[in-house]
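Novice: Heads up: the sequence lines are chains Y and D, in that order.
Just so you know, we're using the numbering used here here: the first sequence kicks off at 1 and counts up by one.
Just so you know, we're using the numbering used here here: the second sequence kicks off at 1 and counts up by one.
No farther apart than 30 Å at their CA atoms in a straight line, the calculated lysine-lysine pairs in the DSS-like style are these:
1. 141(Y) <-> 82(Y)
2. 185(Y) <-> 154(D)
3. 154(D) <-> 99(D)
4. 186(Y) <-> 154(D)
5. 82(Y) <-> 79(D)
6. 53(Y) <-> 141(Y)
7. 185(Y) <-> 118(Y)
Output of the computed footprint for chain Y on chain D, the stretches with three or more beta carbons under 8 Å from beta carbons of chain Y:
8. 20 to 29
9. 136 to 150
10. 158 to 167
Label pairs and their computed distance ranges (CB to CB):
11. 30(Y) <-> 132(D): 36 to 44 Å
12. 31(Y) <-> 81(D): 20 to 28 Å
13. 49(Y) <-> 113(D): 51 to 59 Å
14. 121(D) <-> 88(Y): 26 to 34 Å
15. 156(D) <-> 63(Y): 41 to 49 Å
16. 107(Y) <-> 121(D): 14 to 22 Å
17. 31(Y) <-> 2(D): 33 to 41 Å
18. 13(D) <-> 45(Y): 48 to 56 Å
19. 156(D) <-> 32(Y): 30 to 38 Å
20. 117(Y) <-> 82(D): 43 to 51 Å
21. 4(Y) <-> 172(D): 40 to 48 Å
22. 62(Y) <-> 130(D): 50 to 58 Å
23. 130(D) <-> 152(Y): 13 to 21 Å
Worth flagging that the hints you see were computed from the coordinates, not collected in a lab.
For every residue, glycine included, the Cβ atom is placed at its ideal position computed from N, Cα and C.
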Amino acid sequence: MASVTRDQFQNFFDCCVGSWTTERTYHYLTQRDVERSHTEFVVHALEPSLKAKVLEDNQRPLPPELDRLPGYHLAFETLSEKGEAVSQALNMLFVPSSEAALILEGDYLRDRAYEESKPMVARFRFNAESRELLMTTTYTKVISVDSITLVNPTLRIRRIINYQRPPEGQPLETVVLVGFGVEQKKI
Amino acid sequence: MDARQFFELSIGRWRSQRSGHHLAFNHFEEARSTLDIIALAVDDPAVVDLCQLHGIEPAAVSQPFRVDWEGEPDSKSRKPRGSSVLLPIPDPNYPAQGKLLASPTLTTPAATVSHYSLGDDETLVLSTQYEGAVVEERIWFASPNLRFRVSLVKDNGSTDLTTALFCSEIRALGQ
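For reference, chain Y alone in the conformation it holds in the complex (with noise of 0.2 Å):
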């Protein structure tokens, strides 16, 4: 169903398609330190089997709105000021699952995840008014929550604090990585 958020939505990954640069620096609390690292990326919409194959690869059935879906390849490159190399390619899908007040939320899958390379269903909410898109994802040691602000179509201001997966129920309290990027798309 179209509205103003699902537009919003769908504007914000339509400026995220292109070449872009990342400057990154993840702050390591107990140490007092500081790494940077520097990632090319590339964000491609995926063509409606592609999103079919993210869906199956989730067991997830095929929703009927299938071609109306978010759905992207992102391939990137990182190259840490230590001079370790990693590069990974995925794709994505984003089923949102409730709207308010400007506010969508729902589930996030990928094929291959950052921190384990297998399928995985995270979560997702995008603030139109702020043009933010928090992802969640549950890994088995960790939480992850992936922060991506369109300052405008060509800047993106990223945060991603991990915190120490804690028992169910309980609430996120320890943190064990914070990262925080400037990321600039390629004219």
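Once you've looked at the hints, dock chain D against the given chain Y.
Specialist: Below, chain D without anything else, positioned relative to chain Y:
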């Protein structure tokens, strides 16, 4: 948590680690500092003076405080330091938002008036209009002893970002 509790929780000594991205100059900086956030009484002379400067009654202030900060110097510079008195003035109709008055500092010679708003996610958003620039700051607690701040500096009337800062702040316990 309400706005007053947010300011109260900020009282204490914090070890701050800052990453700064200066986009306009393609420059990155790292800095460490110690912040001492000290509660003040509403009849503290510094509070009364700042109230007079802004023409407000001290009774309108909720949890005044002073921030003293001292940076760790790099090999070439002296130890940078500064201090500012801050006065939260809650909006009587909407207590989750209000004004934050700040006394002049060495880097900001004029007293400033920021607007604050505490969201449902317990993030305090501070907006400050300077001559030529707008600063939006988001501050939140990951736990009572861990605070984060993101500051975005934009040119006035523009969505172009000139600076993005991230600070992680750990409460110094037992001091």
